[in-house]
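Novice: Sequence:
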Amino acid sequence: MSGFATEARLATEKLRSLFPETPLQRNDHLSQRFDADVWLKREDLSPVRSYKLRGAFIAMSRVRETDPGQDHFVCASAGNHAQGVAFACRHFGVRGTIFMPVTTPQQKIDKTRMFGAGQVEIILTGDYFDQTLAASQEYCKREGACFLAPFDNADVILGQSSVAVEIMDQLGHAPDLVVLPVGGGGMASGVTAYLRQTASSVDFRFVEPMGGASLLAALKAGHPVKLAEINSFVDGAAVARVGERNFQMLSWIDPSSVLLAPEDRICITMLDMLNVEGIVLEPAGALSIDVLPQIADDIRGRTVVCVTSGGNFDFERLPEVKERAQRYAGLKKYFILRMPQRPGALRDFLDMLGPDDDIARFEYLKKSARNFGSVLIGIETKNPQNFINLFALLDAANFPYRDITADPVLSEFLI
1 MSGFATEARL ATEKLRSLFP ETPLQRNDHL SQRFDADVWL KREDLSPVRS YKLRGAFIAM
61 SRVRETDPGQ DHFVCASAGN HAQGVAFACR HFGVRGTIFM PVTTPQQKID KTRMFGAGQV
121 EIILTGDYFD QTLAASQEYC KREGACFLAP FDNADVILGQ SSVAVEIMDQ LGHAPDLVVL
181 PVGGGGMASG VTAYLRQTAS SVDFRFVEPM GGASLLAALK AGHPVKLAEI NSFVDGAAVA
241 RVGERNFQML SWIDPSSVLL APEDRICITM LDMLNVEGIV LEPAGALSID VLPQIADDIR
301 GRTVVCVTSG GNFDFERLPE VKERAQRYAG LKKYFILRMP QRPGALRDFL DMLGPDDDIA
361 RFEYLKKSAR NFGSVLIGIE TKNPQNFINL FALLDAANFP YRDITADPVL SEFLI
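Each residue of the sequence shown is one higher than the one before, starting from 1 at the first, in this note's numbering.
Treat the hints loosely; a few may be bogus.
To be verified - The list that follows gives simulated cross-link-like pairs (lysine-lysine, DSSO-like), each with its CA atoms no further than 27 Å apart: (1) K382 to K111; (2) K382 to K322; (3) K108 to K322; (4) K141 to K220; (5) K141 to K108; (6) K14 to K111.
Claimed, not checked - Derived Cβ-Cβ restraints for the label pairs, each shown as a range: (7) D254 to F19: 31 to 39 Å; (8) N383 to S2: 52 to 60 Å; (9) E229 to A135: 34 to 42 Å.
These aren't lab readings, by the way, just hints derived from the structure by calculation.
Every residue, glycine too, gets a C-beta built ideally from N, C-alpha and C.
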């Protein structure tokens, strides 16, 4: 094996002192659905429920090998990287200082503190991650600590490559295709580097959230670029700028191999895996499965490995996930109706609803004229066709309405 592949295997062996390999499981549900041999690499079942522990551990161990006196590590993260660093700090018995935005959910703060088991201090600072990152790096310089980047770091990339080493060992042969979620590019860099050296026949697809496609933007520009804005729903992969080192290792990718997953569609995948398979995935962890329908023709009859990168899902978000899924599937809509201000008008509207139509929201916004009032209405149904029927009845009865389900401005303020 060449240099990187040899180092990747040594790193994988070193990880066994921390936790056993994560399962590679054949999924019958997905295999039957797509007429393929679909396997899930369950990084959501690591001790911190994500692959981030791999890179944090290897990076920390290498620093300690070259600088045994270094016993203070710093990172900036509101999610899985923070938990991986905390767990590694506990393992090595070193001090960790983890910077998190002030807006970080308490659940993530508590889990990071739990994994650190008294070895880490959590500092909440900054309303936005860029502010948190700047504060952590300034602190690092002042204290002489070692900063552990979440993805743009050679040793972190090496640690993440262990995912590929395990896939090859567990499957016993090279898969035809590996589907990888991409955020900053750490895991994609490591996995592809190992497989391209040891199993050159493997094909790849890369998945980014539609609201955070920094790798695709970099490939099109020829260099990393910072996205003007990102949608933070897929918080484990919504990165504004792919890492410099990561892009150097991924610049060979054809942009057509990078697939975009709409945030609301990911919610359908999360619910499907939860309800059908009992698998809890965070939004980023569902990316690789979410795009399978897009590549159904390409994977038929082939062996496919999807990396489920994380399962740190706060169930307080479940109502939001269900809402997004319904809206994407066309099973829930919101609209503003101009309701005639006459006796019986409301009854006329209710009579237009079908047996499967349920009112989820009904709120008078204002009386816009003497004879009409504006009403915000939310309807849930069991078949998207039902909305076509409802809107046809509204048109026939001369009830003016405006569908605002996909209107980002009105949805944000009214729904």
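Novice: Are the hints correct? Go through all of them and say.
Specialist: Going down the list of hints, with the structure as the test:
no., hint, in the structure
1, K382 to K111, "38 Å, violated"
2, K382 to K322, "14 Å, holds"
3, K108 to K322, "21 Å, holds"
4, K141 to K220, "35 Å, violated"
5, K141 to K108, "26 Å, holds"
6, K14 to K111, "25 Å, holds"
7, D254 to F19: 31 to 39 Å, "35 Å, holds"
8, N383 to S2: 52 to 60 Å, "55 Å, holds"
9, E229 to A135: 34 to 42 Å, "22 Å, violated"
In this structure, the hints that do not hold are numbers 1, 4, 9, in rising order.
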